[in-house]
Amino acid sequence: MLGPMQIAFTLEEITGLVQPRRVAGTSAEATIRGIASLNKAGPGDLSFLSNKKYRAEVGKTRASVVLVPLDFAGSPAPGQSFLFVEQPSVALGRLCARLEQALWPKPAPGVHPSASVAAGAAIDPTATIGPLCVIEAGATIGAGTHLQAQVFVGRAAVIGAACWLMAGVVVAAECTVGSRVRLHPGVVIGSDGFGYEFVAGRHEKIPQVGTVIIDDDVEIGANTTLDRSRFSFTRVGEGTKIDNLVQIGHNVVIGRHCMICAQVGIAGSTTLEDYVVLGGQVGVIGHITIGQGAMIGAQTGIGHDVPPGAAMWGTPALPHTQEQRLFILRQKLPELFKRVSALEEKDSIS
Amino acid sequence: MLGPMQIAFTLEEITGLVQPRRVAGTSAEATIRGIASLNKAGPGDLSFLSNKKYRAEVGKTRASVVLVPLDFAGSPAPGQSFLFVEQPSVALGRLCARLEQALWPKPAPGVHPSASVAAGAAIDPTATIGPLCVIEAGATIGAGTHLQAQVFVGRAAVIGAACWLMAGVVVAAECTVGSRVRLHPGVVIGSDGFGYEFVAGRHEKIPQVGTVIIDDDVEIGANTTLDRSRFSFTRVGEGTKIDNLVQIGHNVVIGRHCMICAQVGIAGSTTLEDYVVLGGQVGVIGHITIGQGAMIGAQTGIGHDVPPGAAMWGTPALPHTQEQRLFILRQKLPELFKRVSALEEKDSIS
Amino acid sequence: MLGPMQIAFTLEEITGLVQPRRVAGTSAEATIRGIASLNKAGPGDLSFLSNKKYRAEVGKTRASVVLVPLDFAGSPAPGQSFLFVEQPSVALGRLCARLEQALWPKPAPGVHPSASVAAGAAIDPTATIGPLCVIEAGATIGAGTHLQAQVFVGRAAVIGAACWLMAGVVVAAECTVGSRVRLHPGVVIGSDGFGYEFVAGRHEKIPQVGTVIIDDDVEIGANTTLDRSRFSFTRVGEGTKIDNLVQIGHNVVIGRHCMICAQVGIAGSTTLEDYVVLGGQVGVIGHITIGQGAMIGAQTGIGHDVPPGAAMWGTPALPHTQEQRLFILRQKLPELFKRVSALEEKDSIS
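Chains as they are written, first to last, in the numbering used here: chain A, 1 to 350; chain B, 351 to 700; chain C, 701 to 1050.
Everything labelled a hint here was simulated from the structure, so no lab data went into it. In this text, all values refer to a predicted model and were calculated from it rather than measured experimentally. Quick reminder that beta carbons are idealized off the backbone N, C-alpha and C, glycines included. Hints are not guaranteed to be accurate.
Footprint (simulated), chain C over chain A, 3 or more residues, beta carbon under 8 Å [what the hints assert, rightly or not]:
1. 26-32
2. 165-173
3. 275-288
Derived pair list, reagent style DMTMM-like, types lysine to aspartate or glutamate, alpha-carbon separation capped at 25 Å [said to hold, decoys possible]:
4. A:LYS346 x B:ASP697
5. A:LYS346 x C:GLU1044
6. A:LYS338 x C:GLU1035
7. B:LYS456 x C:GLU904
8. B:LYS555 x A:GLU86
9. A:LYS346 x C:GLU973
10. A:LYS52 x B:GLU547
11. B:LYS402 x C:ASP1005
12. C:LYS753 x A:GLU197
13. A:LYS53 x B:GLU554
14. B:LYS688 x A:GLU323
15. A:LYS332 x C:GLU1045
16. B:LYS403 x B:GLU436
17. C:LYS753 x A:GLU204
18. B:LYS456 x B:ASP565
19. B:LYS688 x C:GLU1045
20. B:LYS555 x A:GLU238
21. C:LYS760 x C:ASP771
22. B:LYS696 x C:GLU1045
23. B:LYS390 x B:GLU450
24. B:LYS410 x B:GLU379
25. C:LYS1038 x B:GLU673
26. B:LYS403 x C:GLU897
27. A:LYS346 x B:GLU450
28. C:LYS753 x A:ASP305
29. C:LYS1046 x A:GLU86
30. A:LYS53 x A:GLU86
31. B:LYS390 x C:GLU1045
32. B:LYS390 x C:GLU973
Please take these sequences and the hints and turn them into a complete structure.
This is the structure:
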């Protein structure tokens, strides 16, 4: 079941997309109209076995078509097809990518008449500028890029090729976005960094005249904010994925292929090397470095450099296994206090 | 005092709205122009006693009209009216609901000429579509619903009856919103879930082709984000209230009449049963269930299933009373270390 | 290096702006085209020494112009200028303020033809209303104020003079913004407070009919949300600076010159006195007071009043030095458990 959307794949289309090594059985349904987990699927649905722990559910599923791994031993029920593929989750991904195109077809190239485009903006003829977008002077929009609606692209900002900027995205002046970047609704790129000097009892603003650079193949979640630097740039490296409601401070430099979960905050001038993973709601202090491949548990507070490959947890952060051990001991504190009291009592008697 | 807005209720209008069981005294002011707490109210203001701890302040208030509970013993000062009602806070709510209509009157039905409405969108003739909204093809807007301004409703999305979508709200393609739903500015419904597979050193996107379903009587706070599911749906149950800047991950299912305070994050595929309360900044891991009526304290980190009715606190979460006890013992650690040292010293001497 | 933007200061323009007490050496570059830190600067760049710990880098920098403090002992390399100033960071700030004007010149006054301005809105003739803004009836926009694009100003809202409201800002009905206020993209002022009464198994809404008042010289970061009060007002005092993704609940009153870092949440009816500093991701419960000048460490959870001048840390918050001490002792818990076991063992033998 796939919500209200209408999909309709023939079995031929499905086998064309997932290229199974082997097919067993024949679906009684000519058209597949939904995708569902094994235990929720019904006739006309496609399902899949990606996690071995659900292996037993394949025999019970009512799905018409099931993607199964090559080593799967069972056989389909009457009216059911099994498609044997190397990685069912990758095969499913290909189907969903096709579905995505069906659900959200890119409108034809061109600038919607309601958009406000300043003279001197350079818009590739293959780009699509949706309704009520604003593009300021000197901005550049690359080939095949799609601005959905109500997007703002500031003065001299550069958006690369094949990007998708969804409703309400803001890319402020002078910021640069690479190619194949997907920005979800409400993303703000290029708000001012939070910088002040305390002079005579007031916080005097330090102008933030740098920029933000987003490299290729980055994806950024809804309402996430990335501040422009004091000077030079704030940067997000190639292939890095950022979830919703994340705050990236000024002059932060994030490496390639990092994963940054929802509601993380990274303070100014901190560096993340490549392949860093930050769990949800993590806070990172400014002016430090988190080494390559470090894994930081959810809600952790990072106040110091983290070496490459480290796993950290807690506030303030400790190595993950140490934090786990201390959490267990902490629960034994009432007992420890009693044991010490018992020793003191014996001691006072003896 | 009520800020810059101008209100003007006659005493008759007020008694008509709150239906007091009994009235004592006569206000010297014919018109009530403000609402204020007992200690801040002046002549021309209405005040109320909803919390017994402020009982003594009724005798000192300068308010012209005071809503008091039926069992209140005092009498009004000269030029003052007491209105005796069953629940002063409910009575006040009725007055404020009237005020709200006066402050934010719904514009007349119709589509503002600056809105961009695609061919094939179905807009009820009693709905109001404000300036610079975008409504894509196949979207449906129900009876009496009000899109304030600059709202985006994506392809084939459905908005029910009597909803209020405020400035800048985004409801992405295929998502469904029930009736009497209020969405505050900047809400994003239907951004992609945060799902990737790690293949050959890169995070390959798992397309998110499901939807989001918002049931009747839900209210969602400013800049909160709700991700669409991988397939099937992310859902918020009837009557649930969500505060500002909350993140709801893909495939999360939230029950009926839950309260989710500001800046909470709920990771993918987690279920909240009915009547769950999450305090501010709580983080919930994915793929778990929080049982009916559970109460989770602010900033708590939930990493495991929570049984119905449980009260949890801390990171990682423990039962609330246990966490409180451990917090007290933790403060006694310096003393405990000293006590153990003293025992060791005696022990080494003896 | 300053990202893609093109700047070009002559040395004369620079000395005119920073007014050095003394100049040493002559830059070989007639035009300064970038600003960079000492170790990253090259020919044509300006750099600066604001933190003494980088003193040794001045001798090695390739910058053409360096701002140094009056007591700096070194001399410039050939082709290099040193400008001796009282506070290099303040001098740099003046340069950057000039740059900011160059980067983001305010468009000429007037209302963009694509903006939707209701009859009865009062817009100062020196204000600039950018493309696709919505201004409702009765709203007031002050002299020199700039609404960048796609901004929403609700019914009877008041925006003072010389403000800058960036793309997508929402100021809801009846709210008031002072002068010289800068609101970053996606800020929401005046969403409803989160208030309900539990009646017969449902959360009944308490209408929020108060307003929000933002005083002069406040700056508010991207996608931050400030709720309107139940009645009376939510208020942010003069000169206070608020970072991105912060949540300010209804009836909160924030004093003057506070600093509120990213992702902080402040629950309803809490008061911050002047000069309070809240670190990132701090959570503050409702109905309390944080005293003047208090400093709250990142991720802290504040559940009680905080006295003026206090430094607090942890969840629940303790005095900062106590929390630090307890964090150290906590790491010694495994050792303490062993010491107690050793004592018990000896005790059982003796």
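Status of each hint after checking the structure:
For the stretch 26-32 of chain A, the stated coverage by chain C is violated: 0 residues have a C-beta nearer than 8 Å to a C-beta of that chain, whereas at least 3 were required. Given as covered by chain C, the stretch 165-173 of chain A passes the check, having 4 residues with a CB less than 8 Å from a CB of that chain where 3 are the minimum. Counting residues of the stretch 275-288 of chain A whose beta carbon lies closer than 8 Å to any beta carbon of chain C gives 3, which meets the minimum of three for the stated coverage. A hinted pair counts as satisfied when its Cα atoms are at most 25 Å apart, and A:LYS346 with B:ASP697 qualifies at roughly 12 Å.
Taken as a hint, the A:LYS346 and C:GLU1044 pair is honoured in the structure, with Cα atoms around 10 Å apart against an allowance of 25 Å. Our distance criterion of 25 Å between C-alpha atoms is met by A:LYS338 and C:GLU1035, whose separation comes to about 17 Å. Using a Cα cut-off of 25 Å, the hinted pair B:LYS456 and C:GLU904 holds, with the two alpha carbons roughly 21 Å apart. Distance restraint check for B:LYS555 and A:GLU86: the Cα-Cα separation of roughly 18 Å lies within the 25 Å cut-off, and the hinted pair is therefore satisfied.
A hinted pair counts as satisfied when its Cα atoms are at most 25 Å apart, and A:LYS346 with C:GLU973 does not qualify at roughly 52 Å. With a C-alpha separation of about 17 Å, the suggested pair A:LYS52 and B:GLU547 falls inside the 25 Å cut-off, and the hint holds. Of the pairs offered as hints, the one joining B:LYS402 and C:ASP1005 holds, with about 22 Å between alpha carbons and a cut-off of 25 Å not exceeded. A threshold of 25 Å between alpha carbons decides the hint, and for C:LYS753 with A:GLU197 the separation of about 19 Å falls inside it, so the pair holds.
A threshold of 25 Å between alpha carbons decides the hint, and for A:LYS53 with B:GLU554 the separation of about 23 Å falls inside it, so the pair holds. Using a Cα cut-off of 25 Å, the hinted pair B:LYS688 and A:GLU323 holds, with the two alpha carbons roughly 24 Å apart. Restraint check: the Cα-Cα separation between A:LYS332 and C:GLU1045 comes to about 19 Å, which is no more than 25 Å; the hinted pair holds. Between B:LYS403 and B:GLU436 the alpha-carbon distance is near 17 Å, which keeps this suggested pair within the 25 Å criterion.
Between the alpha carbons of C:LYS753 and A:GLU204 the distance comes to roughly 23 Å, so the proposed pair stays at or under 25 Å and holds. About 22 Å separates the Cα atoms of B:LYS456 and B:ASP565, which keeps this hinted pair within 25 Å; it holds. Among the hinted pairs, B:LYS688 with C:GLU1045 is consistent with the structure: their alpha-carbon atoms are about 19 Å apart, no more than 25 Å. With a C-alpha separation of about 14 Å, the suggested pairing of B:LYS555 with A:GLU238 holds against the 25 Å cut-off.
Our distance criterion of 25 Å between C-alpha atoms is met by C:LYS760 and C:ASP771, whose separation comes to about 18 Å. For the suggested pair B:LYS696 and C:GLU1045, the alpha carbons sit about 15 Å apart, so the restraint of at most 25 Å is met. Proximity of B:LYS390 to B:GLU450 is assessed by CA-CA distance (about 22 Å); at most 25 Å being required, the pair is judged to hold. Simply put, B:LYS410 and B:GLU379 have alpha-carbon atoms about 18 Å apart, close enough for the 25 Å limit, and the pair holds.
Straight-line distance between C-alpha atoms of C:LYS1038 and B:GLU673 comes to about 24 Å, which keeps the hinted pair within the 25 Å bound. Note on B:LYS403 and C:GLU897: the hinted pairing holds, with a Cα-Cα distance of about 19 Å set against a maximum of 25 Å. A hinted pair counts as satisfied when its Cα atoms are at most 25 Å apart, and A:LYS346 with B:GLU450 does not qualify at roughly 70 Å. Restraint check for C:LYS753 and A:ASP305: satisfied, since their Cα atoms lie roughly 19 Å apart, inside the 25 Å limit.
For the given pair, C:LYS1046 sits about 62 Å from A:GLU86 by alpha-carbon distance, which is inconsistent with the 25 Å threshold. Note on A:LYS53 and A:GLU86: the hinted pairing holds, with a Cα-Cα distance of about 17 Å set against a maximum of 25 Å. Using a Cα cut-off of 25 Å, the hinted pair B:LYS390 and C:GLU1045 is violated, with the two alpha carbons roughly 66 Å apart. Taking the CA atoms of B:LYS390 and C:GLU973, the gap is near 19 Å; set against the 25 Å cutoff, the hint holds.
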